[in-house]
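Engineer: Here the protein sequences line up with chains A and B, keeping their order.
Residue numbering for the first sequence follows the numbering used here, starting at 1 and increasing by one per position.
Residue numbering for the second sequence follows the numbering used here, starting at 1 and increasing by one per position.
What the hints contain is simulated information worked out from the structure, not anything from laboratory work.
Here the structure is a predicted model, which is why all the values come from computation and not from measurement.
The beta carbon of each residue, even a glycine, is placed where N, CA and C say it ideally should be.
Nothing false has been slipped in among the hints.
Computed, partial: chain A to chain B, Cβ under 7 Å:
#1 I435
#2 N445
#3 R447
#4 L461
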Amino acid sequence: MSELPVPALSVSELDVVYRVRGSDRQVLRGVSFEIGAGEAYGLVGESGCGKSTTALAIVRYLPRNGRVRGGQIAVAGIDALGLSREGLRRLRANRLSMVYQNPADALNPSMKVGAQVAEVFTVRGVGRGEALDRSRDALARVQIADPGSVMGRYPHQLSGGMQQRVVIAMALAKDPALLILDEPTTGLDATVEAEVLDLIAALQADFNTAVLFISHNLGVIRKMCERVGVLYAGALVEEGPVESILHDPQHPYTVGLIRCIPRGGVRKDQGRLDSIPGFLPSIGEELPGCVFAARCALAEAICTAEAPPPYEAGPGHISRCHFHERAKELPRSGEGDAGRPSAPDRSGAPLVQIEDITKVFRQEGHQIHALDGVSAAIWPGETLGLVGESGSGKTTLARTLLGIVAPTRGTLELDGRTLPVLAKRSPQDVRELQIVFQNPDSALNRRHSVRRILLRALRKLGDLTGERAERRLHELISEVRLADRYLLSRPRQLSGGLKQRVAIARAFAGQPRLVVCDEPTSALDVSVQAAILNLLVDLQVKERVAYLFISHDLGVVRYISDRIAVMYLGRLMELGPAEVVFSGPHHPYTEALLSAVPTIDGGGRERIKLSGEIPSAAEPPSGCVFHTRCHRAMDGLCERDEPPLVEVEPGHLMRCHIPIEELRRLQGVGAAEEAVV
Amino acid sequence: MSTAAVVPDLVPTRVRAQGRGELLRGLRRSKTFIVGSVIFWWWVFCAFFGSTIAPFDPNVGSSATLASPSWTHLFGTDQLGYDVFSRVLAGARSILEIAPAATALAIVAGTSIGLLTGYMRGWVDDIVSRLVEALLTIPLIVLAVTIVVALGHSTVTLIIVVGILFTPLVARTVRAAVLAERDLDYVPAARLRGERAGYIMFAEILPNVMAPIIVEATVRLGYAVFTVAGLSFLGLGVQPPTSDWAYNISQDYTLILGGNYWWTVLFPALAIASLVVAINMIADGFTQVLES
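This is chain A alone, in the form it adopts within the complex (with noise of 0.2 Å):
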């Protein structure tokens, strides 16, 4: 069915409400979209935007208390909303499929994997033998190399990326007019991410499936996408194909959005990251005008009184902006406020000193080598990035350092007193070592006021009470700019930046020297992590604090970090000025770390595919750890002996029996343009 003269989907003026505490509250406002048949169509915007609610409209399947209230879905010509219930099972068992972000939530736990995709075919009233066998076909088909033994596996005994590719396999097998991808990479590593990216697009060119992929993510959706709806508030405000949507916005809130990426080599010490000002309305707010009105700096009167036509701004851009000619002169947002830093002095005595710290954990009898010989030094008011993919030992080093986990061997430092674990360290020591959670809502007392948080901490690691704590305590939130008003509110009525706000304002209750940022902008929007971003850059320069700034983002690293170092097994691959890891010549391990990224500039580098996944802690490979996936490889040599971590140049560090000269050259590190993340 490769050339439907009908569109995959259509969507015209859908209107979705969600029914909550008596009244209907709109969150999607006639959203109206086409996809042609074999077509990959993106929908981006930030969280609670409507994007899910789509999806969840096109396959209605929306939450008890959802409802379509106008408007019309077309699937491959199907009127999707008109079906009985016997003629939506078989829409939804023949015509569409729809793959969701965690693949563990998508597969039943206690169920073989070969029996739940052989489901696909048995609900179509295929044999259970012949279903068995196409289901090898289909596991095949997403790159398994060993369908059979998968199959006779339960989900939980496979990885992320090979949870994901089984739940695709199952979407493709029924051979769908239309494919829903809610988010399918968000939750997987770059490297993993990249190899299901190339399967996604490899499997859509050979099965000619139409595509409808739901990203927060503007590279991916670069490298999946023909054409892409920019959705903000239940409203397509912006629509066209990539390029054009990407190089040349025309909604002000495009060119917002794409402005808070820090991109193309942008760092902490040339100018703050752009940020959209404001809140997204609330759920069902009667908006009139431009729902993008109350947060735009071009908006003028008729832009609050009435909506919006779609203008055409080139072919096939749509652009639902009175002023769309003038979205990109859109002021910058990011101005003012203090000095830029400046680069830390590391002539003196470092900060903090890991020296030579392994950690074994053991378990059911393995012996599991989380860290292995890790030695770094931070100095005082510098930003370390520490970057890797998951199992590489990044959290652990982190929690080492504050304390709560124990190393096995090894020492650390601050100031050049001898720290110990957590329960044995002085009061000083506590109040300087501090940490910014990923979570939020996880590292704040749910019970707890924004008051008491931020109180208590005062007293424990400021040392204040009474009126000299309540003086402070305004000092505080004013500093990462948390009005007054939310001091009595609960984390859970504060949205997920202002919750950052205050776990950050919390780790600087106390005058802390090193401040561990485990990922701290991940659970975040594009627009509030550059808020916190720039935020964390201001505090640094102000209060000459000290970052480990972990993070799977090599944008956001390169922007705040000044030196990184990469991890992989537990072990350090290379450590370097920031520029010099990015620009090369890098290690291996780094280079296909940045080749798996997917840009929104494009062009860049060919990626490196990294054979397989991250080996088992419990038993590293022989030699150089990373031989087995290595691009770069060398026979004989790197599968035998383990390359020392050495000084290849001033302040960089590698792990790799490759000199430097040869890695120069064979990266083409100086002849092509600096490499652009």
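Position chain B against the provided structure of chain A, taking the given hints into account.
Structural biologist: Quick look at chain B alone, frame taken from chain A:
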């Protein structure tokens, strides 16, 4: 479509009750809770004023023995000529003294043990949890009888015995809730600002596990009424002439075997049943609001 639906963040389909105001609003909407409360508070009223409002002195017999229900004796009289209606009203007191006190004891002790084992884990958890499990394997009533006989019966003994018997059950529930909380980052965050274990357990974790504790408390109260009634029936509870529902049943239940004097047993039995059912309805109301 073999995958489960994901409800997007922005849709509060099920608002979890957290604030006190929301809890009250939720309870007020629950019919089960309201009916249960009315019955429960009626018996609490009787526990205080039952003897006062009773038409006859519950502890003074008359010559009219085993009279069937009439307008004078609504529930009839028993073999000593006591007015059964008055005995039922006055009998609410003993059970409503012992059962709530025992429950309170179990909740306080069980919560402390649950917090300690759930938060500390390691050997503390291993030892205490094994002891708790060992206690749970012995049938409740057998253990209770043994202890009461050994210690001699008084109201205080009864409270302590039932309290101790219920402690492991509460501890198990609280421990499970604490284990889930312990994985949240606010716990290491507290440790990283130098908080002591006691503060973390009682000021940080405890407020977050109140919902299961409240539900557990109401469920336990229902069982406590049962257990106390059972012990009284066996003659190990309140001593005569004080009126007590279960004791009254035990005195007269042989009479119903003849088939004639059903009222002396039926009305106290209904009183016990209505109290237990009322408490369970309250527990259901809390469960609906707190755990949905």
